[in-house]
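Chains as they are written, first to last, in the numbering used here: chain A, 1 to 456; chain B, 1 to 456.
A few of these clues could be false.
If chains are identical, the list can't say which one is meant, so a pair holds when it fits in one copy or spans any two.
[Unchecked claim] No farther apart than 20 Å at their CA atoms in a straight line, the calculated lysine to any residue pairs in the SDA-like style are these:
#1 Lys255 to Asp16
#2 Lys133 to Arg379
#3 Lys41 to Pro453
#4 Lys368 to Leu176
#5 Lys9 to Arg79
#6 Lys128 to Arg379
#7 Lys9 to His380
#8 Lys9 to Thr19
#9 Lys255 to Leu12
#10 Lys308 to His356
#11 Lys250 to Arg410
#12 Lys59 to Pro31
#13 Lys133 to His380
#14 Lys128 to His380
#15 Lys308 to Leu32
#16 Lys255 to Leu11
#17 Lys368 to Glu179
Calculated from the structure, these hints are not laboratory results.
2 protein chains.
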Amino acid sequence: MSKSVGGTKILLEERDIPTRWYNIQADMPNPLQPPLNPATKQPAGPQDLSPIFPMELIKQEVSTDRWVEIPDEVRELYRLWRPAPLYRARRLEQALDTPARIYYKYEGTSPAGSHKLNTALPQAYYNKQAGIKRLATETGAGQWGSALSIACSFFALECQVYMVKVSYNQKPYRRLFMETYGASVVASPSNLTVAGRHILAEHPDSPGSLGIAISEAVEDAATRDDTNYSLGSVLNHVLLHQTVIGLEAKTQLEKVDDYPDVVIGCCGGGSNFGGLSFPFLHDVFTQGRKVRVIAAEPTACPTLTRGKFAYDFGDTAKLTPMMMMYTLGHDFMPAGIHAGGLRYHGDSPLVSQLYHDGFIEARAYNQKDVFAAAVLFARHEGILPAPESAHAIKGAFEEALAAKEAGEARTILFGLSGHGHFDLSAYEAYLTGMMEDVPYADEDLARSMANLPEIK
Amino acid sequence: MSKSVGGTKILLEERDIPTRWYNIQADMPNPLQPPLNPATKQPAGPQDLSPIFPMELIKQEVSTDRWVEIPDEVRELYRLWRPAPLYRARRLEQALDTPARIYYKYEGTSPAGSHKLNTALPQAYYNKQAGIKRLATETGAGQWGSALSIACSFFALECQVYMVKVSYNQKPYRRLFMETYGASVVASPSNLTVAGRHILAEHPDSPGSLGIAISEAVEDAATRDDTNYSLGSVLNHVLLHQTVIGLEAKTQLEKVDDYPDVVIGCCGGGSNFGGLSFPFLHDVFTQGRKVRVIAAEPTACPTLTRGKFAYDFGDTAKLTPMMMMYTLGHDFMPAGIHAGGLRYHGDSPLVSQLYHDGFIEARAYNQKDVFAAAVLFARHEGILPAPESAHAIKGAFEEALAAKEAGEARTILFGLSGHGHFDLSAYEAYLTGMMEDVPYADEDLARSMANLPEIK
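Extracted from the complex, chain A is given alone in its bound form:
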């Protein structure tokens, strides 16, 4: 079939679903700085986290064991859609006229439509095991809320979602999706929490933000005995669970006797990016392999490319522990770009440390260029990408053209973290020429960066 130009899917058997998650804390050259209690600014211990997280997840958060066993119950649910397909993008290679081999790992076959279910399931599982009855969380674009709603329906947990108000109003289908699985969804800022009421009193028309919604969900969990908090990105245990992505991709590439020269993921909080790339960084750390790893982010929220490596809060109300991370400041308010999942002011401490230490590169893209890449991808590969994932596509295009320029048959792997079925209004804006590029204003960035907390 050498004349064929169709895509090639590299499949695995169910027995190839990983049995263990990979914990990069075992291998990274410089360990993480500890999170700090937001009041005392002293290192936070398990007792700081236990009001809102079950002990098993707290243990995973601080573990330096290289491998963490995946519970049978979680692995069984992974089988609903895992192993996820890895594609060789042959049609795209032809369109780009590149000697590069382009592969993408597609997480959109999950019933939630993205990689988020990889961590929603274990989080729901460990909370259920700990006797918790209800989970509170935030969601921006809705990918994470959708995943946690499904996970909670599987484990018979109540699910309370604080959805950033602007998304709540713009994306009714995302809200309806969560409600179909039984979740309660409220627009944030809401009247359900002190944090929400405080914001509404000052700014009745606040469009909300991820930072505000996190404050609400954390407060909800901290003030109810039956409730814990669940976060869809940023934290170590979240990235740990997502390593099933990269572990499978490695096995799939082995099947076709290939290995990436460069690995590219979109990066907001960092869970998709870390999940894909960490198993390859493992080879860098333990076998001295050379792999370039690239994080793709929006110019409108350029956390890695323009942020500062510093301690900062995870939320607006300063309820979360302070974390050492690349940040634009906890009150940075990014423009309303269509990749809502990449609009977080901070980045995972793990990704941040590795970027700081030079193991990761970062690139920022304008959304019009990102959508141009998304449409070209859809027309050649068939799949409609999520706007977040399209940042990785744009990065792959750049690398494919660089390979062409160099005349080298490089191997490129990128993560297609989800489908764009709920993002068609964004495609409409692009196709009708109504899409604007909305980079941050330099003065806004300077202001929020000046608000970083002081740590002695």
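Use these hints to put chain B onto chain A, whose structure you have.
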């Protein structure tokens, strides 16, 4: 893992993608009645079809060869998502407390979101081979238009979609989906055709219907040399292409040493239903196996359960050949139920003949019962079903409860033809108690049935 309650996915290798489609015309006890030229009412020959179809598809339409080779180029594109998964619905079995084993074949992992791409690809391929530059088609709910748009983008064909006006207005995301792949989409009735202008002159506010949209697309294709017509259901070659569904499902059940006592599919034009069930009817005809085959349809458009087996037109403007089929009359206007893909007045001649001859059973369901089944399914299996597919879920529930009543561990296979990501307004109507059951009015049915053409 016997304690496990997770779903079990039965996977195949890419080499298990069928190499041949199954043609039930080789085995059915009573052959089809020929289609009739709408003007002369004499049997239609290839010359009646060649203005709008390529010769390869016309040959398939009338072939009685049992197996038809799938072109390499088509099979290569099938590999984008095929083999499609077969699931054992263990969590659902537990929820229904049934001794039955319930399996479902899921076609929603196709980039178009439904089974429709199975035939869109070969139709685009054969038209491209025949030198055609442009395809015209109709779409109701949008599943078919989405699939043909993707197929046309792969084969660099222009794509003109006449979309039923009520759907065009209610489902902007479906329209945007097609446009993202480069299709031109117009609300039908439109000013682009004589048929459309005629309707608009009489009924400027016409909401459109599938029958009208077919008239427009057929006229478009018949009046332009570079353009052919493409239909997403009903015709023999369409059902032929869809047999990949049932062929794969048989192979998957063999892997777990099982075989269905009953096969259930939703049935509008019949392509999903025939694609799933015909390979099992093959065993009935050639090996004397006993398999019950059930077509699930809406009470609002009860073609099999209340229609008449008679010659009728496929469209409102009477441009298509007349076909011998179960029909409610070519001007029957079904209520605006949410399963838009099941709102066609007729049924595939193949399904109709086999139903007439007693090899198929049919059931009609109210949409509220259908959505109750869909929500229960989503909460236990994770996947959000399309409203059309949910009719098959409802049928499977009935059979599972019948098995419980009988105390028999029957094997049930149903087709989950697509996901419901573009149907969340329907779920909203159901969850908020705003959904109405809208059966046909007896007098409307009597009127349209009285309009059937007379054949001597």
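Hints and how they fare:
{"no.": "1", "hint": "Lys255 to Asp16", "result": "both (12 Å within a copy, 18 Å between copies)"}
{"no.": "2", "hint": "Lys133 to Arg379", "result": "between (45 Å within a copy, 17 Å between copies)"}
{"no.": "3", "hint": "Lys41 to Pro453", "result": "within (10 Å within a copy, 84 Å between copies)"}
{"no.": "4", "hint": "Lys368 to Leu176", "result": "between (28 Å within a copy, 17 Å between copies)"}
{"no.": "5", "hint": "Lys9 to Arg79", "result": "both (18 Å within a copy, 6 Å between copies)"}
{"no.": "6", "hint": "Lys128 to Arg379", "result": "between (43 Å within a copy, 17 Å between copies)"}
{"no.": "7", "hint": "Lys9 to His380", "result": "within (14 Å within a copy, 28 Å between copies)"}
{"no.": "8", "hint": "Lys9 to Thr19", "result": "between (22 Å within a copy, 17 Å between copies)"}
{"no.": "9", "hint": "Lys255 to Leu12", "result": "both (9 Å within a copy, 16 Å between copies)"}
{"no.": "10", "hint": "Lys308 to His356", "result": "within (10 Å within a copy, 73 Å between copies)"}
{"no.": "11", "hint": "Lys250 to Arg410", "result": "within (16 Å within a copy, 41 Å between copies)"}
{"no.": "12", "hint": "Lys59 to Pro31", "result": "within (16 Å within a copy, 68 Å between copies)"}
{"no.": "13", "hint": "Lys133 to His380", "result": "between (45 Å within a copy, 18 Å between copies)"}
{"no.": "14", "hint": "Lys128 to His380", "result": "between (43 Å within a copy, 17 Å between copies)"}
{"no.": "15", "hint": "Lys308 to Leu32", "result": "within (16 Å within a copy, 73 Å between copies)"}
{"no.": "16", "hint": "Lys255 to Leu11", "result": "both (9 Å within a copy, 17 Å between copies)"}
{"no.": "17", "hint": "Lys368 to Glu179", "result": "between (32 Å within a copy, 17 Å between copies)"}
Hint violations for this structure: none, all hints satisfied.
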